[in-house]
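K.L.:
Residue numbers (this note's numbering), protein chains in the order written: chain A, 491 to 782; chain F, 119 to 714.
In case anyone wonders, no lab produced these hints; they're calculated from the structure.
Note that beta-carbon positions come from the ideal geometry of N, C-alpha and C, so glycine has one too.
Accuracy of the hints is not assured; some may be wrong.
As the list claims (entries may be wrong) - Residues from chain F that keep clear of chain A, each with C-beta distances beyond 12 Å, as calculated:
| no. | residue |
| --- | --- |
| 1 | ALA226 |
| 2 | ASP326 |
| 3 | VAL379 |
| 4 | THR382 |
| 5 | ASN414 |
| 6 | ALA418 |
| 7 | ALA422 |
| 8 | PRO432 |
| 9 | ARG558 |
| 10 | LYS643 |
| 11 | ARG651 |
| 12 | HIS665 |
| 13 | ASP675 |
| 14 | PHE682 |
| 15 | GLU693 |
Stated by the list, open to error - Examples of chain A residues lying across from chain F (beta carbon under 7 Å, computed):
| no. | residue |
| --- | --- |
| 16 | VAL526 |
| 17 | ILE588 |
| 18 | GLY592 |
| 19 | ILE600 |
| 20 | PHE759 |
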Amino acid sequence: MLELVPQLLFTGLGIGAIYALVALGFVLLIRAANVVNFAQGEFSMLGAYLMVILSGALGLPYLLSVPLAIAAMAAFGVLFAGATYWPLRHRGQLPVIISTIGASIFLSNIVLATYGPSPEVLPALFDSPGLELGGVFMDSQYIAIIVITALLVLLQFLIFERTLLGKKLQATSQDKEMASLLGIPVAVMVLITFSYSAALGGIAGVLVAPILFVSVGMGALISLKAFAANIIGGFGNIPGAILGGLALGVVETFGAAFISVPYKDAIAFALLLLFLLVRPQGLFGEKISEKA
Amino acid sequence: MSTTAQASAVAPAAPAADTWRGLPGLALAVAAVVAASTFAPTSGYILNIVMQAATYAIGVAGLVVVLGYCGQISLAQAAFFGLGAYGVGLGTADFHLPFFVSLLLGIAVATSFGVALGLASLRLGGHYLAMVTISFQQIVTLVLTNWISLTHGPDGVKSIPRPSLPGLELDRGDRYLALCLVTLMAVTWYAWRLKTSRLGRAMQAVRDNEIAASTCGIDVFRTKVLAFAISALLGGLGGGLFAGAFSYISPDQFAFGESIVLLTMALLGGVQSPFGALLGTTLLVLLPEWLRFLRNIYLAVYGAAVILIMVFLPDGLWGFVANRLRRATPIEGAVPPLPLLSQTGATSSEAALVITGLAKHFGGLKALDGVDLTVRRGAVHALIGPNGSGKTTFINVATGLYRPTAGTIQLAGQDLTAAPAHERTRRGLARTFQNIRVFRGMTVLENVMIGAERPGNDIAEQPVLVVSRALAALDFVGLRADANRLVGTLSYGHQRYVEIARALAGNPHVLLLDEPAAGLNMTEKHELGLLLRRLKGHGLTILIVDHDMNLVEQVADHITVLNFGRRIADGTPREVLTNPDVIAAYLGEPRENAVA
């Protein structure tokens, strides 16, 4: 069994990178708009189905379909904000949470009614199956996931730390009132965050589709994993979300190999409960607390 | 103060009438039950529909308690429903236990899981429970499907018998339906009474403002766990009856989608009222039958409906109607005055609140750095200082919202340093907030009743006296006429008075006022000054934080000045306000310039 460890670690990091991307979109919305988005996983599901439409049904080249799907998801993020967040933004957290739950049900069942329950298959990003390195077989799709996730995280870091837009987004997430007084268009910043968050979810969906198959159920599952990743990393904490996602992917992969395959998805839940009981502030501490 | 005088006082008439506010709804429910059991055929399609509606409605009533009253989202109601159903199914069909024993077992399992999940997640914000319950829902479905040796897996449990009690023939369809309907009525009645009970008010207070609830003496965590446990219990009860009703159950009947259906039922009808839940359940059980053409997309329609309800009908159908029928009638009738008013004030040398070496560090920032402060019984003690000097932090540490880094807090000789906020309130500490924290979903009277129900208050256990005490507190601040209005409809200044009345109704030993004059206009400030002087005249011990020097000079016997988290002066108003350090702190000038 022990010789499996490097292989499982690699696979776990690949899956974990997906969770990290979705968790990242999730945490950005919490910080920018105080929205706990229960439809976060549906962004991935929609991204994957867009690929099924664009490259499958419409027969567009794969490498053209990818940017188109991501752009469509970015636009969808704005639409999503307009329907679930905007009308309720002054009414506190609970109504928005409930409306994102409604949106999640709506989206998954619309897709279910259109495509049915049987999963669709999407080809991998590259034709080559992968390469072997020191006894570890590295699937090309997993390599792509890990590399692209790393690049996106780096890109986001650069945007947030090095550009004016990034500073404005950070200011909005830290103190909306103050940002607004400083002339930052807070509403635009919030919409940009929704758009970016949906695009991140879409990318995760496009990347994971060849591994998991494209199915309606993938959204709810990914939402759950993203939330667990956030709790593990520390709720509202950006590096925490990324590391929490990676950790969850690894633990889950090892759990499936050494404990039980049918209960693989229960591992995220067990981990989530464990953290809630033992360390509710997560590995890196919760960033949001109410002021008295 | 004489409790006999209060006990013999005439209870005001209107609050009693108020308790009957839900009567039309109850009458409707009774009529529905009678109609249903009269016209329902002994078997067949209609019977099944009514049976489904009745058992679902019991589960939905659980959502009213946890979501409507307590503001916590549970997305696993179908799982609890399923646990109850499998309790009855497996208990009767496989283990040959009597029906009602199996039902109790199922309810016990559902409730235990509810308590366990609640204990794990409810110390934290609402979204944690939502996600934990989603996860739990998935796990329950996984286990019901995969633990085949116990649950029969996807095949489900067949031939579940109905109870057979001699003489009652509950295994007959119409009789069993009557059992379900009677249970539903009892549950609806319970949920409706709960709303106007002490526990129900505590739940609503937690929903509207957790921080204020804890400073009113409510154990927020315990209240949330209780609400969730009741909800899980009702889910299990509904599910158990469901199993008996249909004699066959399978895992897919209790999957996540069904939790959403139950949630939509509650939201559509109105999650604040058990009658609304009943209405929503009835509609959504009947609608899919009428709208068969939606078969494919009915869950999508539910999802869209949830968003539309949240946007356009936040209180549901029942709430929409109830809000329009709401009349804020004044409450007549004399009530005994606040016990406080029978006292006359004199400052004694006895210490009421003693705080020593209090420190609070946020990372490297020392918001409070070793502050000593003693409030003497009967004194009005002011705590002043420039912005950011640590005044509000001081109040928050003193009332238990923040944990101190160092120092001790003693109230009437008892050490409270480690006590949580609600425990301090129980011992007699009361406070108001700089940013008003009233319970927005409730009436003015209900807000103040929560204050009167402070654990440790003399009349907290006697509902009639709670009402008259709350009215007395409203009399004192001059808001009696607004008692039945929703608190959110009052002006900012009046909401502040509601907070003060809420604190006074609890008959506190020490009242902490956090910038009571903030946001008030000149007239309101003047009135506030008069009010504080009346309180002082009756000898209430007060610690007031404020910027308004005029107000502070009017009422304070003693002033403590903070700057950068340290105490820079302490003494009589005259001593303190001529202190050069204080002047420098306020004017921001070097001491020598200011003195010159």
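K.L.:
It remains to establish, for every hint, whether it holds in the given structure.
P.N.:
Okay, the hints, checked on the actual structure:
1. Listed as a non-interface residue, ALA226 of chain F keeps its Cβ farther than 12 Å from every Cβ of chain A; the least gap is roughly 21 Å.
2. Not every CB of chain A lies more than 12 Å from the CB of ASP326 of chain F, the least distance being 10 Å, so the non-interface label is violated.
3. Chain A draws VAL379 of chain F into its interface by the beta-carbon criterion, the shortest separation being 9 Å against a cut-off of 12 Å.
4. With a least beta-carbon separation of about 8 Å from chain A, THR382 of chain F fails to lie farther than 12 Å from that chain, contradicting its non-interface assignment.
5. Its beta-carbon lying about 5 Å from the closest one in chain A, ASN414 of chain F breaks the requirement of being farther than 12 Å from that chain.
6. Not every CB of chain A is more than 12 Å from the CB of ALA418 of chain F (nearest about 4 Å), against its label as outside the interface.
7. The claim that ALA422 of chain F lies off the interface is violated: its Cβ sits roughly 5 Å from the closest Cβ of chain A, which falls inside the 12 Å cut-off.
8. Under the 12 Å C-beta cut-off, the non-interface status given to PRO432 of chain F relative to chain A is violated; the minimum distance is some 7 Å.
9. Distance to chain A contradicts ARG558 of chain F as a non-interface residue, since its nearest Cβ pair spans about 9 Å, not more than 12 Å.
10. For LYS643 of chain F, the shortest C-beta to C-beta distance to chain A comes to about 23 Å, beyond the 12 Å cut-off, and the non-interface label holds.
11. With a least beta-carbon separation of about 28 Å from chain A, ARG651 of chain F lies farther than 12 Å from that chain, consistent with its non-interface assignment.
12. Listed as outside the interface, HIS665 of chain F is consistent with that label: its C-beta sits roughly 18 Å from the nearest C-beta of chain A, beyond the 12 Å cut-off.
13. For ASP675 of chain F, the non-interface assignment is confirmed: its Cβ lies about 27 Å from the closest Cβ of chain A, beyond the 12 Å cut-off.
14. The claim that PHE682 of chain F is not at the interface with chain A holds, since no C-beta of that chain comes within 12 Å of its own (minimum 20 Å).
15. The beta carbon of GLU693 of chain F sits about 31 Å from the closest Cβ of chain A, which is more than 12 Å, so the claim that it is off the interface holds.
16. Taking 7 Å as the C-beta cut-off, the interface hint given for VAL526 of chain A holds, the closest approach to chain F being about 4 Å.
17. Nearest Cβ of chain F to the Cβ of ILE588 of chain A: about 5 Å, under the 7 Å cut. The hint holds.
18. Interface restraint check: GLY592 of chain A against chain F, minimum CB-CB distance 3 Å, threshold 7 Å, status holds.
19. Interface hint at ILE600 of chain A: satisfied, since its Cβ lies 5 Å from the closest Cβ of chain F, which is below the 7 Å cut-off.
20. Interface hint status for PHE759 of chain A: upheld, as the beta-carbon distance to the closest one in chain F is roughly 4 Å, under 7 Å.
Of the hints listed earlier, those the structure fails to meet are numbers 2, 3, 4, 5, 6, 7, 8, 9, in rising order.
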